[in-house]
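Make a model of the complete structure from these sequences and hints.
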Amino acid sequence: TQLLEQSPQFLSIQEGENLTVYCNSSSVFSSLQWYRQEPGEGPVLLVTVVTGGEVKKLKRLTFQFGDARKDSSLHITAAQPGDTGLYLCAGAEETGANNLFFGTGTRLTVIP
Amino acid sequence: DTEVTQTPKHLVMGMTNKKSLKCEQHMGHRAMYWYKQKAKKPPELMFVYSYEKLSINESVPSRFSPECPNSSLLNLHLHALQPEDSALYLCASSQDFDVGYGYTFGSGTRLTVV
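In order, the protein sequence lines correspond to chains U and Z.
What the first sequence shows, in my numbering, is residues 1 to 112, in sequence order.
What the second sequence shows, in my numbering, is residues 113 to 226, in sequence order.
Honestly, the hints are just simulated from the structure, not real lab data.
All values derive from a computational prediction rather than experimental measurement.
In this text, a Cβ means the ideal position worked out from N, Cα and C, and glycines have one as well.
It cannot be assumed that every hint is accurate.
[As the list claims (entries may be wrong)] With a Cα cut of at most 30 Å, we get these calculated DSBU-like pairs of lysine-lysine:
id	chain 1	residue 1	chain 2	residue 2
1	Z	153	Z	121
2	U	57	Z	121
3	U	70	Z	130
4	U	70	Z	150
5	Z	130	Z	153
[What the hints assert, rightly or not] Here are the in silico distance ranges between beta carbons for each label pair:
id	chain 1	residue 1	chain 2	residue 2	range
6	Z	168	U	18	35 to 45 Å
7	U	15	Z	117	45 to 55 Å
8	U	58	Z	153	38 to 48 Å
9	U	38	Z	134	27 to 37 Å
10	U	15	Z	174	47 to 57 Å
11	Z	130	U	57	44 to 54 Å
12	U	104	Z	194	23 to 33 Å
Right, dumping it as structure tokens:
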């Protein structure tokens, strides 16, 4: 089982601020995904990155996959209260097995 | 239909009870998964079914028994659970052997063992 460490673990910011969440591992992944989970609900997929160095944008969210495919970052611009939630990165093994392992999570609170 | 449906949403059971959790998807996904999520923790993989066959069992105690009756349905049979098994149980599905498409999760079953 790979270990995906996310930082920070908790983040509380004011509306309008920018933030970056990091996801790091010593393992190489065939793909890496980011999810957001709200209390009492299942995780919802935000993005999948598969190519080293890949950058994807989803409105105010920017996702980057590290060149070596061992790490990723999520940057949110001008955070809004609706961005509040648990952000999870998840990696799929290089071997192609279809099992996904989740990072330790970042709990974001955006204060109006 | 782009959803994974889980029932029941909430379940309270005694340690001697037998119950089942159900999961259904009609997206044609051929891989389905059970995850367990304790409070304030990330989901932990329990079982993976691929083309209706159990392909991964992450050292889960035998009091949890998965079943995949067909490509759209996934069950998790529970028997003689312990209070520490209380958690949110999540079902997910994906296009088989291509996790690049991401997983679709259900809303989960909140299980309490008393």
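Hints versus structure:
Taking the CA atoms of residue 153 of chain Z and residue 121 of chain Z, the gap is about 19 Å. The hint holds against a cut of 30 Å. As the CA atoms of residue 57 of chain U and residue 121 of chain Z are separated by approximately 34 Å, the hinted pair breaks the 30 Å bound. Annotation: proposed proximity of residue 70 of chain U to residue 130 of chain Z is violated, straight-line Cα distance about 42 Å (limit 30 Å). In summary, the hint linking residue 70 of chain U to residue 150 of chain Z is supported, as the alpha carbons are separated by about 26 Å, within the 30 Å threshold.
Among the hinted pairs, residue 130 of chain Z with residue 153 of chain Z is consistent with the structure: their alpha-carbon atoms are about 26 Å apart, no more than 30 Å. For residue 168 of chain Z paired with residue 18 of chain U, a C-beta distance near 39 Å keeps the hint of 35 to 45 Å intact. One distance hint, 45 to 55 Å for the beta-carbon pair residue 15 of chain U and residue 117 of chain Z, is violated here, with the actual separation near 34 Å. At about 26 Å, the CB distance of residue 58 of chain U to residue 153 of chain Z disagrees with the hint of 38 to 48 Å.
The hint said 27 to 37 Å for the Cβ distance between residue 38 of chain U and residue 134 of chain Z, and at roughly 22 Å that hint is violated. For residue 15 of chain U and residue 174 of chain Z, the Cβ-Cβ distance of about 49 Å falls inside the hinted range of 47 to 57 Å, so the restraint holds. Remark: the range hint 44 to 54 Å for residue 130 of chain Z to residue 57 of chain U is upheld by a beta-carbon distance near 49 Å. Between residue 104 of chain U and residue 194 of chain Z the beta carbon distance is about 25 Å. The supplied range of 23 to 33 Å therefore holds.
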